[in-house]
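There are 2 protein chains.
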Amino acid sequence: MPYKNNILLDTLAGKKTNRYPVWVMRQAGRVLKEYREVRALAGSFINLVTTPELAAEVTIQPVDLLGVDAAIIFSDILVVPEAMGFPYKMEEEKGPVFSKTIAGASDIHLLENADVEDRLAYVLEAIKLTKKGLENRVPLIGFAGAPLTIFAYLTEGKGSKTFSATRKFLYVNPAEAHMALQKITDTTIAYLKAQVRAGADIVQLFDSWAGIFEPEQYKTFGEIYINQITKAITEVPVTVFAKGAWWSIERFAQTGCTTIGIDWNITMADARQKAGNTKVLQGNLDPCVLYGTIPDIQQASNKMLQGFAGNRHIANLGHGVYPDTDPQKLRCFIDTVKEFNLN
Amino acid sequence: MPYKNNILLDTLAGKKTNRYPVWVMRQAGRVLKEYREVRALAGSFINLVTTPELAAEVTIQPVDLLGVDAAIIFSDILVVPEAMGFPYKMEEEKGPVFSKTIAGASDIHLLENADVEDRLAYVLEAIKLTKKGLENRVPLIGFAGAPLTIFAYLTEGKGSKTFSATRKFLYVNPAEAHMALQKITDTTIAYLKAQVRAGADIVQLFDSWAGIFEPEQYKTFGEIYINQITKAITEVPVTVFAKGAWWSIERFAQTGCTTIGIDWNITMADARQKAGNTKVLQGNLDPCVLYGTIPDIQQASNKMLQGFAGNRHIANLGHGVYPDTDPQKLRCFIDTVKEFNLN
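Here the protein sequences line up with chains A and B, keeping their order.
Okay, so the first sequence: first residue is 1 according to the working numbering, each after it adds one.
Okay, so the second sequence: first residue is 1 according to the working numbering, each after it adds one.
The hints are simulated quantities; they were obtained by calculation from the structure and are not laboratory data.
Please note that the accuracy of each hint is not assured.
Identical chains share a label here; the pair holds if one copy fits it or two copies do between them.
As the list claims (entries may be wrong) - Mimicking SDA-like on lysine to any residue, the simulated pairs with C-alpha atoms at most 25 Å apart in a straight line are:
1) K274 with G211
2) K231 with K329
3) K89 with E37
4) K219 with K303
5) K231 with G14
6) K303 with R251
7) K161 with P96
8) K4 with E37
9) K158 with G244
10) K274 with A309
11) K4 with D296
12) K303 with H178
13) K168 with G244
14) K219 with T293
15) K89 with V38
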């Protein structure tokens with residue numbers, strides 16, 4: 001089922017395209033006043049996430065308003081732990097806060113096996129509504145948090161600069177950590193498969209806190225669960241974005257994922273050297289570039305594009321777009337990518 | 001002036017030693033109950049930092065209580081911006097908070113040229129008292145924050161997960177950023193030279209937030225000022241600890257520093273490969289290892305020591321020791337290093 005704009009799927013399929021596809025992490029939301037209107041209507045971030053009609057509406061907004069080559073379902077990585085029995089609140093400035101945490105080995109049993117079709121029905125419904133609303137214009141990306149990042153929030157209870165409670169847990173209770181990570185992995189596989197059945201054309205795993213771990217620890221507790229997921233999801237291309245884990249790029253390039261997400265803290269040349277030529281790379285403009293002037297944004301974007309070796313790239317930022325970004329500046333980045341001719 | 005325990009200076013001088021020297025970032029403070037007693041006496045963290053007798057006392061404590069091969073002066077990297085007109089408070093859980101910040105280009109002039117001998121006399125006095133108290137047992141390490149990390153706190157006003165205000169400033173006002181960084185650099189050079197005159201045998205630069213920057217941006221706004229400092233400080237060996245900036249190790253190895261600090265997010269083998277054999281490497285055990293059992297700590301420490309290639313290493317953690325670490329566990333790490341025989 002080719003889309004009217006099929007450039008992202010063509011790139012993933014290894015076809016030659018005349019430009020790079022482009023989308024932006026956190027494109028649905030934050031920077032658009034049209035998003036903030038819907039968000040106000042919803043009353044809270046979590047209400048917005050759990051109301052399929054509204055989630056679908058903000059998912060589609062950037063396709064119309066920014067001209068991106070894909071939509072990504074508006075949701076949150078923390079819907080999975082919530083479905084597994086750990087509800088969270090989104091606090092202003094502070095971010096997510098969990099009312100209960102995994103503080104010790106004996107808390108692992110609190111993680112419930114979730115029936116994702118039931119507990120996360122609102123996401124699946126939002127995907128279906130989005131697909132309808134998109135009217136075959138662009139593909140839709142589904143996503144989930146990678147198991148270790150989910151486990152990090154569950155053990156820490158909130159965001160952290162060091163996630164030392166999580167890292168402590170891995171050293172002190174490795175067997176229980178593996179039990180928890182396996183449970184989260186199983187649920188995540190079921191959840192992503194359900195997203196695909198509902199209509200997701202691509203799925204992305206966000207391992208937002210990968211870089212905080214010691215490389216050997218990340219291999220043991222992070223990579224193996226990501227690899228279980230990329231192996232299990234055979235229906236659609238899978239993107240792995242393990243932020244900060246530059247030492248894993250070489251190994252992820254040997255696994256079943258199609259695309260590796262690259263953050264702004266490594267040059268694309270270094271990333272390509274580590275990944276080799278078999279994978280698509282996605283990224284990696286520093287989102288802070290978008291605070292600059294239009295000519296500066298064009299120059300930095302073109303520099304990044306010139307650094308892409310060959311055709312196997314998806315242009316994106318190296319992190320989610322920051323909330324106070326001027327949408328015209330974001331649009332400038334997207335337009336610059338679209339005007340960069342590969343012929 | 002060889003010290004009774006001269007192993008750290010011998011290692012820095014390239015002499016063969018029969019074991020690796022060891023000290024621990026944040027060894028003065030936090031984990032020791034003897035520290036907390038002095039801290040309570042001082043009333044506040046900042047009172048402790050600014051009272052030379054008490055600062056000297058807690059600086060010497062770990063030499064007696066933990067058996068480390070060096071003392072490091074108890075102070076804070078933020079005494080420099082304070083001396084330059086930007087006072088801060090230490091808030092529980094939150095960390096440092098500045099009452100005024102560098103919000104835009106026009107705020108650069110607020111940075112005062114500080115007479116460090118006057119404004120930071122309390123640190124210099126603490127160094128002198130420490131030297132007396134140490135009675136020639138071990139060398140004393142002085143330190144300062146690297147200019148970009150200081151600038152990051154001044155622009156952000158507090159700690160941050162992304163330091164996006166700082167990164168924005170560098171993109172939007174590069175000329176003014178360079179002016180500020182040069183001012184901070186000049187003051188830092190004067191400050192470190194004064195520390196050496198007061199008795200510091202080694203100095204370390206902490207670039208705690210180096211890893212948050214885009215590599216090219218870090219080169220432009222971080223590395224060049226560090227290099228000015230390492231070039232200017234010819235009196236004693238200089239250690240550069242640019243946390244997270246693995247892409248800079250290769251370049252720092254070409255500069256005037258003697259030692260490169262390595263965090264826990266890179267394997268020592270990778271770090272050594274990047275640095276080559278001309279520099280001493282310092283680090284890099286994950287501080288969370290110290291939450292494990294004694295046998296686990298011994299095993300992880302020995303694994304790290306076996307990974308040190310040759311003699312040019314200083315054993316340390318890859319980050320400051322975390323506050324809730326059992327001092328017996330920290331002692332176990334130090335003892336394991338001291339028992340690891342190089343003959």
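(Q) When the structure is checked against the list of hints, which entries are broken? Sort them ascending. (A) Per hint list: 2, 8, 11 violated.
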